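Enquirer: Start from the sequences and build out the full structure, keeping to the hints where you can.
Read off the chains here:
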Amino acid sequence: MLLKHDIEFTLNGVRKRVTVDITMNALDMLRDVVGLTGTKYGCGEGECGACTIRVDGETRNSCLMFAVDFNGRDIVTIEGLAADPKADALREAFVEHGAVQCGFCTPGMVVQASHILDTHPDADAETIKRGLEGNLCRCTGYKKIVDAVESACCGGR
Amino acid sequence: MTAIERYAAPNSLDEALGILQQGEVTILAGGTDLMPQTKAGRIAFKATLMNIRNVAGLSGVAFDGDWLSIGATTTITAILNDPLVKKNAPVLAEACDHFASDQIRNAGTIGGNISNASPAGDTLVPLIVLDAEVELASKPNGAVTTRRMPLAEYFTGPGRTKRAANELLTAVRIPLPKPGHVARFYKFGARPALDIATISIGIAGVKKDGALTDIRVAFGAVAPTPVRAKRTEAALEGRRLDDATIETAANAARDEVNPIDDVRATAWYRKELIHNMTKRMLDHVAQA
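Keeping their order, the protein sequence lines are chains B and A. At position 14 of the first sequence (counting the first as 1) the number is 13 in numbering that gives the first Met the number 0, and the numbers step up by one without a gap. At position 266 of the second sequence (counting the first as 1) the number is 265 in numbering that gives the first Met the number 0, and the numbers step up by one without a gap.
No wet-lab data here; the hints were simulated from the structure. Note that the coordinates shown come from a computational prediction; the quantities given were computed from them, not determined experimentally. Every residue, glycine too, gets a C-beta built ideally from N, C-alpha and C. All the given hints hold, so there is nothing to weed out.
Here are a few chain A residues that face chain B, going by a calculated C-beta distance under 10 Å:
#: 1; residue: R5
#: 2; residue: K38
#: 3; residue: N105
#: 4; residue: P191
With a cut-off of at most 16 Å between alpha-carbon atoms, the simulated EDC-like pairs for lysine to aspartate or glutamate come out as follows:
#: 5; chain 1: A; residue 1: K38; chain 2: B; residue 2: D20
#: 6; chain 1: A; residue 1: K138; chain 2: A; residue 2: E14
#: 7; chain 1: A; residue 1: K278; chain 2: A; residue 2: E246
#: 8; chain 1: A; residue 1: K38; chain 2: B; residue 2: E44
#: 9; chain 1: B; residue 1: K3; chain 2: A; residue 2: E4
#: 10; chain 1: A; residue 1: K278; chain 2: A; residue 2: D254
#: 11; chain 1: A; residue 1: K38; chain 2: B; residue 2: D27
#: 12; chain 1: A; residue 1: K278; chain 2: A; residue 2: D242
#: 13; chain 1: B; residue 1: K15; chain 2: B; residue 2: D73
#: 14; chain 1: B; residue 1: K128; chain 2: A; residue 2: D96
#: 15; chain 1: A; residue 1: K206; chain 2: A; residue 2: D282
#: 16; chain 1: A; residue 1: K278; chain 2: A; residue 2: D241
#: 17; chain 1: B; residue 1: K143; chain 2: B; residue 2: D123
#: 18; chain 1: A; residue 1: K207; chain 2: A; residue 2: D241
#: 19; chain 1: B; residue 1: K143; chain 2: B; residue 2: E125
Per the computed footprint, the stretches of chain A lying under chain B, defined by three or more beta-carbons under 8 Å from a beta-carbon of chain B, are:
#: 20; segment: 44-50
#: 21; segment: 90-101
Expert: As structure tokens, then:
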């Protein structure tokens with residue numbers, strides 16, 4: 000019998016109460032318990048960034064986080080960004096620049112990019128590359144992604 | 000199989016130490032090591048899983064007399080951006096900048112990096128050359144007691160430290176730098192981000208009249224723990240940093256490390272790296 004624990008947190012602006020297994024990771028909880036499958040499972044060990052979410056504003060690999068540690072926190076996933084007008088420019092820039100191929104890394108890339116733009120509103124390409132170094136893409140070669148984020152920066156330059 | 004019987008997320012140090020005193024506790028902070036290590040079966044959960052994120056007073060950087068005290072749950076990102084660290088221990092900020100990725104720096108804590116006790120832990124080598132001490136708290140007889148120990152003496156093997164089961168690592172303390180203090184850090188990895196160090200080197204000392212005194216040299220990923228390089232230090236202490244001294248020290252460094260072959264590099268290559276990069280770093284210190 001696995002030990003369970005009740006947690007309460009804000010998910011994309013909505014209060015949420017969930018009962019989780021103590022050792023469950025946050026990614027499994029989002030996908031399998033809450034049913035938000037935008038956040039992807041890539042490597043399961045923090046190397047690829049496909050599972051990137053925002054926790055109290057900062058980005059985290061949800062695969063490395065214990066779900067119980069969500070308790071009391073403010074969580075934003077790619078579904079939350081999709082409904083956020085502030086992220087419109089970023090989403091449109093990814094489309095505009097062809098920064099999406101197979102799309103698997105895209106949710107993590109967009110969530111991490113939103114964090115870069117919040118913390119470095121004047122980010123240049125170098126800052127964006129450093130910010131995205133924890134996100135792997137096996138299709139694009141990164142150039143289009145960096146271009147997209149840069150064009151979304153400062154409302155487009 | 001997990002055998003966790005209890006989950007605790009205490010708000011005070013007193014409460015956390017009380018839980019530790021009952022025994023059989025796995026401590027959770029950022030989770031970036033605990034999650035993959037438990038999943039892979041390298042670490043087994045104990046009966047209680049204790050999340051120390053909410054413990055008051057364990058996070059943040061502050062002066063404590065002539066020391067800079069960094070709370071155990073301070074994240075790598077927080078250290079990287081902290082003005083006190085930047086001014087008083089810039090070599091630690093530099094190591095934090097070479098640490099994994101943004102997502103992991105936002106989660107990982109300095110206490111976790113120390114407690115994980117990896118021979119390649121990114122903050123350990125700079126902390127050792129800065130003469131850092133760890134602070135350990137416990138509550139054996141109903142009252143909180145603390146003890147301190149040089150970080151250089153804290154590690155006993157991969158994943159193992161001198162922390163007793165009833166103790167919590169509460170802070171790491173760094174003495175404020177003396178005038179003329181210099182410190183350098185170098186990490187070699189195949190890519191800048193998300194790589195575990197093939198080797199790392201820390202060098203610190205007080206530079207005066209072209210010589211280094213109070214010299215500290217430490218290496219990561221060349222032994223079961225991060226190590227002080229006493230023979231390299233002896234080759235440098237008080238000597239003028241000329242080409243001959245630097246070559247002697249770099250040779251001493253190569254001869255005193257005892258690395259292994261693994262997926263990241265052969266022992267031979269690690270020794271070459273230690274020699275060549277120690278030499279380059281000392282050249283830079285000499286020219287600075």
